[in-house]
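Residue numbers (this note's numbering), protein chains in the order written: chain U, 3 to 173; chain D, 3 to 173; chain V, 3 to 173.
Treat the hints with care, as some may be off.
Since copy identity is lost for identical chains, a pair holds within one copy or between any two.
Said to hold, decoys possible - Derived pair list, reagent style DSS-like, types lysine-lysine, alpha-carbon separation capped at 25 Å: (1) Lys120 to Lys138; (2) Lys116 to Lys153; (3) Lys45 to Lys101; (4) Lys153 to Lys138; (5) Lys103 to Lys45; (6) Lys102 to Lys45; (7) Lys169 to Lys153; (8) Lys120 to Lys102; (9) Lys22 to Lys101; (10) Lys138 to Lys169; (11) Lys101 to Lys169; (12) Lys120 to Lys169; (13) Lys160 to Lys22; (14) Lys160 to Lys102; (15) Lys103 to Lys22; (16) Lys138 to Lys78; (17) Lys101 to Lys160; (18) Lys102 to Lys78; (19) Lys169 to Lys102; (20) Lys45 to Lys169; (21) Lys138 to Lys116.
Hints in this document: simulated from the structure, not taken from any laboratory.
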Amino acid sequence: MPCTLYIGGMKSGKSELAEKDALSLPAPRLYIATSVPIDEEMKRRVVLHQQRRIGLFETFEEPVNLDRVVLAETDKYNVTLIDCLTFWYNNLFYYFEDKKKRIEVLEEFVDALKHINKQIIIVTNEVGMGIIPDNKLAREFIDFSGWANQKICSVCNKAFFVVSGKKITLE
Amino acid sequence: MPCTLYIGGMKSGKSELAEKDALSLPAPRLYIATSVPIDEEMKRRVVLHQQRRIGLFETFEEPVNLDRVVLAETDKYNVTLIDCLTFWYNNLFYYFEDKKKRIEVLEEFVDALKHINKQIIIVTNEVGMGIIPDNKLAREFIDFSGWANQKICSVCNKAFFVVSGKKITLE
Amino acid sequence: MPCTLYIGGMKSGKSELAEKDALSLPAPRLYIATSVPIDEEMKRRVVLHQQRRIGLFETFEEPVNLDRVVLAETDKYNVTLIDCLTFWYNNLFYYFEDKKKRIEVLEEFVDALKHINKQIIIVTNEVGMGIIPDNKLAREFIDFSGWANQKICSVCNKAFFVVSGKKITLE
């Protein structure tokens, strides 16, 4: 499982470190975009990220079934970057009201990661270190994110916690 | 002070790591439950945790005076697990409007920890790494939690920060 | 660049560790206060911090142009403590509606840090590890804080992430 996880807060520098890591491997490189921008602010953020990748990565868009992309596409590339899972978790909440379905899709992704041969670099957000929110959906999202991050981290052979642009190795 | 602290965000995997740590010691083992479930969601969370402990831990319920339980009960067990202090901090806010009283109860607990002979494993939440909340009570709770976690951490001989199911040693 | 950064959550113990660090160097010592207390609660927090510093630090108040203070004042002291940048970031949001202006002021500060000869110790908050807030301004503040912390961290020769009164070295 040649899989690396970068986990950190918002604007912690995790995307930049993950991208640098991916660029240290030779092309061809794949970028899997999971975000479905739903407003102007999000569109701006996505465009900013895209501009940074031009000529460096091929892009494949998949909002839900990451397992299929991992199994069908990543073998053709030296390295695949998935940034970031939090958008994907959002999509799972958006598309599936049923909690079990979200868990199922997540577990299929984790299973897919166990069968890869080429390097995959995954970026995700730590969202559970603030105060417990009043909002029930927010709590469910934090629970799902934390659980999913643990599951994915457990099949990665390298994992880093990112603070202020610096890496702390998770062993 | 054979005391170990696991501190992490929501769903960081801190409870599972602390439990695994406690189970590495032989029975009898004590679990101190501090939570007073006030709604259905909380009841479900508590039941889930209880099911995992059946046959492995004896359970003692104490919502406020943890110092007394620590002094009177823990010596009879090879290891005591307290999971998690954040529920207890919540209780202190619920039962005591007077800030000084909360501090007093906390300091009594810290004092009790200095006099234990058997292993105690404590789980607590990091809640102060999000944005400063608008809500005054939330800010007070974060302040109290952070201060209390520091106090308790200072009398533990081992402490771990948990991220995504992985431990970072705090020295 | 003899510059040290302490980054941590609210009530993580970062201020106390930074102060201890500063006090390990001989007087004269400078404290740069950036906060403009806008309510009673904030005033109380500021007063508490001031009391701890009496006789140990000289104080210089500057809510915006930290670069000028760094360039004009720090050379006269063996060590300068800036605690904490989050208040300063708040001021930049308060005084400058224009995002570009905030970035400019921040970059001037980072430039100033590159030209210092005496030790500077900086304290800042990690605010991006909770759930993404609904509030647009809150998101902008998190983005700015995270970006600014990274910029500043990149010109520090020592940086520590503080959890529960303990330091984790950022390398």
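TODO: List, from low to high, the hint numbers that the structure doesn't satisfy.
DONE: As far as the earlier hints go, 1, 8, 9, 10, 11, 14, 15, 16, 17, 18, 19, 20, 21 are violated by this structure, in ascending order.
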